[in-house]
Every structure is written in structure tokens, then in C-alpha cells.
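*Asks:* Okay, here's what each chain looks like letter by letter:
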Amino acid sequence: MVCANVCSMYYSKVISPERARVRVLRVEPALDFPLFCRNCEDAPCIAACPEGALSRTSKGIIIVNNRLCKGSGECVKACPYNAIHINPDTGKAIKCIQCGECVDRCPADALFMTTEEDLAKKDPDERMRNIYDRHRNILYSKEEGI
Amino acid sequence: MIHGVGGYSLWVDLSKGSIEKKPLDEDLIRKYLLGAGYLSRVLYDMIPEGIDPLGEKNVLGIATGLLTASMFPQASRHVVAAHSPLTGVWGESHAAGFWGAELKFAGYDALFFTGISKSPVYLHIKDSDVALIDASDLWGKDVFETDDIIKKKHGRQCRILSIGQAGENMVKFAAIMNDRDRASARSGLGAVMGSKRLKAISVRGTGKIDVADSKNYLKHMDEFYRRMMANPFTPGRIRYGTTSLVELMQHIGRLPSYNMKQGVFDGYEKISGEAINEKYLVKARADFSCLQRCGRYTAVRRGPYAFEGGAPEFETQSSMGSRCGNDNLESVLYGHHLCNQYGMDTISLGGTISWAMEAFNEGILTKEDTGGLDLTWGNHETIVRLTKMIAFREGFGDILAEGSARAAEIIGRGTEKFVMAVKRQEIAGQEPRAQKSMGLAAVTAARGADHLYAFPVLDEVGFDEDIKKRFGEKYLPEMAERLNPKYKGIMVKQSEDFMVMIESVGLCKYGTQIPPEFFYDDIALALEIHNGLKFTVKELQEIGERVVNLNRLYNARCGVTRKDDRLPDRLTKEKAPLGPSAGEIVELDQMLDEYYQERGWDLKTGLPTRETLARLGLNDDA
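Protein sequence lines correspond, in order, to chains A and B. Sequential numbering of the first sequence, starting at 1, is according to our numbering. Sequential numbering of the second sequence, starting at 1, is according to our numbering.
Hints were generated in silico from the structure; no laboratory data involved. Be careful, since some hints might not be right.
Partner residues are not named here, just some residues of chain A that face chain B (Cβ under 8 Å, in silico) [as the list claims (entries may be wrong)]: (1) V2; (2) N5; (3) M9; (4) Y10; (5) I15; (6) R19; (7) P29; (8) A78; (9) I86; (10) G91; (11) K92; (12) L111; (13) H135; (14) R136.
These figures come from a predicted structure and were not determined experimentally. Note that the Cβ used here is the ideal one computed from N, Cα and C, for glycine as well.
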């Protein structure tokens, strides 16, 4: 949970997985999985926001404009990867913006920035891909407080 | 105001079904910290003398430490305590996982349970919503089933602490489990939970922990992380957890084998860390803020011992392996899995089965006693069968469920001499004739035989530099020599003070005692930036000492004196027969004298003197 702790401390100056932009899920047996925003090419969150608060930067990162965000939660509903949440303190949407603070600090070196193509190269026998496919439904099922 | 904590405790009267929320006692925190220290004080004042540990007067306390849920390396722990049904003295046990941190996020640091519920219940905490809920559908379920059912009902993000069938059946060494495979195993506190008909505590916390120095917090933590990861021990810990200690302990003759008759085991390679890694390890698993991730996950894919789940540590490899003369690794892995499932302490389980095995092999116990079971050394089918029979108190298992000391009292016939226990708790996996400090630590520990209360490991092998730093150069070379009894009283005393303090802040013994990376000054800094509490190193040392003395006073109330600080004759009178420690005995009295002297305790009674108590601010408790 180091990544979630780093994230909430870095952005909110508290320790609170509920306020982190990354969420770590444990799915028995033995799968620990961090949920991050993938900055989808067809990002449904952008279209879903009634305030137009989400936009894409020139580097391809989707960001939330805090001035415009009213916390309607439409982006949360639209995200297929369960990677946007409403911060209970500010009432505004929060998501990973690939700042890399957690990547640098993960003691297991389990985090790295990658693309679909790079990941396929790192996983030639598709072992990781198979584990992921087996669990993707449970990982992204939206349930209270995740 | 204290930062970095939930700020409240919950008091649950199970007889009345009432729940009360109280703020933490800040004065008490300044004298005892939180965790083990806080529980020691509160329960000392609450638990009356001479109670039935399984009766309604016993109080079960659960507390997190001051740094639990902080970002300090390995700040994942909580402590449970009560009057122990196994030992009849102070009972305390610790575990890591995610449950303790979740409790903090829900806004609580400690829970206290009094009375006995009329019917099975579990406590559900969702932030400020707290309720006792009927658990009749959970009663009779194992630890994994309980975890599944509660998560289905309250959400998969809940963290669950529960007992299995062993706790319900009040097995004297039943564990309290959390996060499926983390165990507060020693002292039999699972039986206390069972006696109260409290099946589980599920927690979901969505709150936040504010810290005292948020501006510099990450900067300090980065440095703690850097040091932990750079420690030469860390790569090995990640690779093996504690499992490779089998190889090291064999090497120094400290691997308890055949009920501690000897400290070397011919089949050690078959139950070693390397053997686990080669065929069964799935992955290492970390707890909440753990960098060393000694937790293991293993699978046996086929055969009678097939399972998938949490893997044993060194203690279980020795207790269910070498101690029972068992070199069948799959049975050790599976037996350990059953202990997690039913909720039992693997150390006392293995210690009790190996007691029975020795009596059987000596011809004192027969198949008539065991219900036809063959208890020949190393019979792994019997070990696994007995594990189930103990959890459910079936047949011969009902006697073994009392622990080896009581079982020997029931059986008699001279089997008492095979009991390898102190104050009725089975000695853990340290053959003390091969490391004298461990023999002393086992008798002075407040909760009965125990390697963790002091955890004197710096004389194990090659820590001369750290002994120099922590104790002083004048104690070298003797203190670093594991077969030399000299200075071990000083080492155990100081280690107890430090370890009890560590259990009061919620950190792990790994990273503080071994490897000896973080010491008092680091903890003082962490308490300052996390909690905003200023303690000097000397004050922290004194708090540890105060808690140890208070634990001793608790035990004195139970009738404990020097006469109870005894090892079995085998370890103090019979020379180790084989291996690197051949010819050795534990020179206990010599070490005890030095220890009591160092503590300021009376040499004859082994109890704190009035001067010592006055110095620690415990005059009113004399």
C-alpha cells in the first residue's frame, strides 16, 4: 500500500487510501492489484462530464479542472477501469496524473509507466496477461468505497 | 492533541450488548504509549485477581500502536491481550496485516470487550457506524469462510479479524486471525474470544490520518525507506522471508528436533527455505506499510496435501517439521494452512504433538491412549490428522487441545518431563542450549515461553558491530558469543525494554531488532513527525522498562516468582547430545541473577523492588 500512502500524503497531506489516486485491491487468492488511470484514447470520462471539467493535456494525460468540477460523479460511473474517485473532503474528482511519485517509491519495483506494446514485450508468454484477464471483471466491478 | 491516531477507543459490553465510544487517555499514552503498553496498563487495572480466563470477568483488549498506519517501514501491527487461558498469567499476542491500519482509518485505536454474549455475535465497524450483529450463521465456520461471508455482506474492502473453530471450541492455544493468514497466535487468546462468543470484528475505515509534520513527512520517510532497502538483510528477507532460518539454525545447532532432544535434524534440507522456494512458493506478500514482505504465499498443487494459501514461517517449519521429526514438507505446509483455517498457534500445536510423540516413542503413551493413532516420530499423516482433531476436540485431540503441560497433568505417568514449556506455554523454535540468551528470554517473557518478548538475536551470528553500538564495546566479545552465558542478562533486559516499546508503537521486530536498522532515536523522530509527541531516547527506554515491570506485577498477582522462571530439566541438566552445541546446557541461574540485578528485581523472589517501582512511577502498584 506504499503507493496509495505516498499518493494521499503527496496530494492531500494525510495518510488515507480513500483519498489516494491509486487504489490497491487484494483479490484472493494472491492477487494484489493497483488500479491506475490508463488515459484511454477514447476516454469516456471526458464525454461524461456535464461540466466539461475533464480534458487531455498535450502529453495525453487526462486532468480534472477543479474550478469546473462539481463532483457529479458522472466520470466515476463512466470509467471502465474504476480509476476515478470523488475525494470525500473536496467533493471533486481525483485521478492519477502520472506524476511518478509512487513509482519511484514502490519497494517491490512493481510499478512502471508503460504502453500496451511495451507490456506485451515484457510478457512474451502472456502469463501476466492471463492472470489479468482472469480477474478483470472483479477488479473493475464498482462497489462501495473502492 | 496527538496527531496520527484515530483518537478513540470502543468499549463493548458483550453481556449487555452495549457499545461506548471514549477518547484515548492522553496522559496514559505519555507514560505507556499505545499498543502493548496501553493494554498492559488498562487491563492491569481492569482484570480482577484470580479470574477464570474463559469467564465473563476477563477483558479482551485490542490496540494498534502510535505509528500503526503511518508510513514508517513495517508499521502494520496491532496487539491483543487478556488473561491467558493457556498460561494463567499475562496473555499478549501481535500480528500485522491490514486490519490494524483499517481500524485507524475508521477512527479508532483500541477496542475493549467485557462480558459474554448470550449468542454468537460479530462487531461491524464502518467509520462511525458500529454494531454488534448476530453471528449464528458464522459460528462453526472456518477463518476463510468467515472472511468470505462477511465481505459478501459488507463489501470486499472490509478487513476481518476472527476466530476459527479452534477458538470456538476453546482450544487453549487458539489464535485470533486477521486478513485470513495473519495470526495473533500465542497465549491462546482465540479461546478468550470464543468464550465471549465474539466470532469476528470487521472494519471498514474511510477516514484519514493527519500527521504532525506533513511538510517534511515524505522527506523523512524517503530516508527511512532508503535505509531499509539498502540494509544487506533486506534482499534475503524478500527472497525467503524467515523460511531460510531452517538452514541457519541447523548450522548453529539451534533447530529444535524430536521434542527438543537435539538441535540438529537430518532431514532439514527437505523442510528448508530453499525447498519451499524451489517447488511451492507463489509469491511474497507484504502487509500495510511493509517493505521487507516476509509474508509468503504457497501452493501444493496435487496430492493429499493440496492447498493454496499463506505459507509457514520458520517457527512452523520447526514446530510441525523437525520438532516432530517430520521431513515431509507438503505436510508441514498443509498443516500450517489448517492452523490458519481453524485458527491455532502452530508453535504450541507442534510443541504439544511432539510431546505426545516422545511419550509414544518411549512407550508411555500407547495406541489405547491415542485412539489407535500411530505417533511414531515423523508420521506426517498423524500430525495432520491430530491438527484437525485438536481444533474440533475430537478423541485424543481433546486432551492435546489443552496444551502439553495440562495434557501431561491429565495423562501423568512421567510424561511431565517431556513438556518443553515455560509457564505452560510451549517453547518456540530456539533450542536454547545452542543460544543461551534464548533460554533466558523464554523464562523471563511475561506471556510464558516466548522468543519475541526480548527477541535477543544479536548473539545469533555476526552482529558484533551492532552489539557495540547498542550495548557498548565493553561487552565484547562475550555478549556476542551465543554459547557464553555472560552478559546475557543485560542483553535480554535491554532487548525486552526495546521490543515492548516497539510493540507499543505498532512496528515490526524486523527492521528494528533484526536487522538492527532502526533504534530508539529513529523511533523518537518518527513519533515526533507522525504524532507530534516529543520523547527523548531515555524516556522511550524508560517506558519500555515501565511496561515490562507492570507485566511482571500482573504475573506476580497470579503468583509468579523466581520459582516459575524455569526451563525444563532437559535444557538445564541434560547436555545437548549432537551437533555444534553438543555438550552444552543452559546456565540459567547465572543468567537469571544477572538479569534480576540489571532489572532492579529481588534476587530471591524475582519481583521488582519498591525502589525500582518508585523510579518508574509505579509506586501505587507495589
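*Asks:* Work down the list of hints and note, for each, if the structure agrees.
*Replies:* The hints, checked one at a time:
no. : hint : result
1   : V2   : 7 Å, holds
2   : N5   : 5 Å, holds
3   : M9   : 6 Å, holds
4   : Y10  : 7 Å, holds
5   : I15  : 4 Å, holds
6   : R19  : 6 Å, holds
7   : P29  : 5 Å, holds
8   : A78  : 22 Å, violated
9   : I86  : 12 Å, violated
10  : G91  : 14 Å, violated
11  : K92  : 16 Å, violated
12  : L111 : 14 Å, violated
13  : H135 : 13 Å, violated
14  : R136 : 15 Å, violated
When the structure is compared with the earlier hints, violations turn up for hints 8, 9, 10, 11, 12, 13 and 14 and for no others.
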